[in-house]
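From just these sequences and the hints, can you work out the full model?
Protein chains: 2
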Amino acid sequence: MSEYIEHDQQGVSVGLVEKKFFTFCEPPDEMILESGGKLGPVTIAYETYGKLNDDRNNVILILHALSGDSHAAGYSSEEDPKPGWWDIMVGPGKGIDTEKYFVVCSNILGSCMGSTGPTSKNPHTGKPYGLDFPLVTVGDMIDAQKALMDHLGIKRILGLIGGSLGGMQVLEWCVRYPEMVLSAIPLASTTKHSALAIAFNEVARQAIMADPNWNNGNYYAGPKPDLGLAVARMIGHITYLSDESMRLKFGRRLQDKSDFSFNFDADFQVESYLRHQGSKFVDRFDANAFLYITKAGDYFDLESQHGDGSAVKAFSKARAKFLIVSFTSDWLYPTYQSRSMVKAMKKNGLDVSFCEIQADWGHDAFLLPSKRLSNLIKGFLERVYREEIKQ
Amino acid sequence: MSEYIEHDQQGVSVGLVEKKFFTFCEPPDEMILESGGKLGPVTIAYETYGKLNDDRNNVILILHALSGDSHAAGYSSEEDPKPGWWDIMVGPGKGIDTEKYFVVCSNILGSCMGSTGPTSKNPHTGKPYGLDFPLVTVGDMIDAQKALMDHLGIKRILGLIGGSLGGMQVLEWCVRYPEMVLSAIPLASTTKHSALAIAFNEVARQAIMADPNWNNGNYYAGPKPDLGLAVARMIGHITYLSDESMRLKFGRRLQDKSDFSFNFDADFQVESYLRHQGSKFVDRFDANAFLYITKAGDYFDLESQHGDGSAVKAFSKARAKFLIVSFTSDWLYPTYQSRSMVKAMKKNGLDVSFCEIQADWGHDAFLLPSKRLSNLIKGFLERVYREEIKQ
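Just so you know, the protein sequences line up as chains W and H, in that order. Each position in the first sequence, counted from 1, maps to that position plus 10 in our numbering. Each position in the second sequence, counted from 1, maps to that position plus 10 in our numbering.
Taking lysine-lysine and the DSS-like style, the derived pairs with C-alpha atoms no more than 30 Å apart in a straight line are: (1) W:Lys259 to H:Lys323; (2) H:Lys290 to W:Lys234; (3) W:Lys290 to H:Lys234; (4) W:Lys48 to H:Lys267.
Covered stretches of chain H (chain W as the covering partner; in silico rule of three or more C-beta atoms under 8 Å from a C-beta of chain W): (5) 211 to 222; (6) 299 to 309.
Distance ranges between label pairs, derived from CB positions: (7) H:Tyr346 to W:Lys92: 28 to 38 Å; (8) H:Glu89 to W:Gly261: 47 to 57 Å; (9) H:Ser268 to W:Lys92: 39 to 49 Å; (10) H:Gly319 to W:Lys30: 49 to 59 Å; (11) H:Asp142 to W:Asp293: 33 to 43 Å; (12) H:His286 to W:Asn228: 23 to 33 Å.
Source of the hints: derived by calculation from the structure; they are not laboratory data. These numbers come from a predicted model, not from an experiment. Each residue gets a CB set at the ideal place from its N, CA and C atoms; glycine is no exception.
Rendered as structure tokens:
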């Protein structure tokens, strides 16, 4: 969408980056999951940008959303046509300045982008897990990230940052390992999915499971449930935009036609856009991983899991300084949800800054170039560094 | 949803009603469609309530939405467990008073509830049309209704009323046959679908067409695309509600469980609700009809079809008195869309009343019991009758 809005200079990239892997819980050791299930070995794919300083206190951990990966910035190879998914934010002199900070981004547990998930080999069968993969929670994702931090010798994180499901991970980190987190920036996020958010996820899952190629999750040897996954992704894309952004981006403009087709072709540009997004997604993402990660998002409920239903009680465990950012047109995790976490944090006397950014671009706005957002994040991290490290 | 809001007494029903059929364009005669296609014979299913007076000037025509039918009020048989879809509004002493008015409701062209549509027998093959059925527009639906009015000997309609796609039909009537319409009540409606509304319809259509049982529309002899149609309906149901109504109706309440299933069962009540709505729908509706009717809705654009892109010009043809009603939480056809038609009508000096009803129930609100809505409609129709007929 970047062609539609004025955006920052892309600036300098971090250059070539290498995807690394960390494996723990090798047999007979196993990770005990929140469901009671066990998992091992566990591999976490990650990338790092910038340099860890001698005091190991300049660490920024980026948490990605549903379909993200560890490749947040830079290029994977000389031929790589596109930089990582948040290259506008992460790099020399950018919002998350890789000249100053040691930035880590890891792929979440349960994904299909290098970390252990349903596409991984089940050591008990030698085949991909499929639905034998245990259900993982946001808490489990954080436990795996904690293991990675331990492996990297990082005891304190200067800043956690992430949007959407990444923001939910940020919040979970802050109450699960409060002593490790100096500051936290959840963007376009929530302490728990609304019924509406669950509803969209559930319909997307039903679209996948309705595809006969899904075959109860056993499709790795045969045809994949591409049609179902494409529909699921199309549903997702609607929720990432907004009435206003779709009006600006597409309106009722027709696709390569001066008149209607009078059949079921894609007449409108918005139809072509969605079809394109759906078919592109199936080339890079796994249907089972989509099921597992959306379910983890729906299960996430910081208030009931950490505060007996009270956000105030849940955040009583937190120690971090917070920058909460919401976007006016985000109807997936609307501003009222951010406001309610801000309120609960303030009742605990936490240091909280809150900003609602005026943006027509819906939930997706957190991923789009915004000088305002970059400056907010940059300023906040500098303040935390000044107050917590250089004091 | 009626258990959640205070509602009117159901009141007296119109009692037993009979579905009737009117067939026109018998071979070799054919209906010429807006696409240029031809169709014949054409059957329209309809019901009537109340009595046509001697002057034939007490006619109210009800236009139904996407999945509606001609059975708006009363009972089809002694065993019928449920009255028609708008029984709360249509009956003796109700908002549309069958003691005063002769009320007609017909099933739209392209549907599967008795009127000619893709499930009907193609006279050229002796088999159901499937995708050989020509694409019909909202204008074609109105032409078929006009033929029914002619058949019933009705030259002037006291009041047209309908919500959603029914409201779009109301608007089309007013500019297509302005001399026939004394008053018009579009509820929760629009002069044209936004990109967001088109997007939801398109994803629903894709869900149907992704089902291998859909088989390019040829499924009448074999298994039906029930899974695809169920997903399509689930998407629809999300758009009929609202963030707030889903929070009130479901929140994060679990379904028959004290804890998560940690699998892909329906954990949350909202998931069960959607699955139930999806599976219930496939028993009563046809997947191809869903495709045709949603496409007609997407094509509808009163401004470009009747005003060269100008709503003011389009409504310059209208003669009716209008009562426009929108609902605060309707995000499918939000209030701003109603306001813009009100503005265009007023610029033409038309007699327009506008009411935005405070309702948490989203787009569906127009179908729910509301004393306010009933009284509004009742009062408006009485005024029109007084001013236009009894003058």
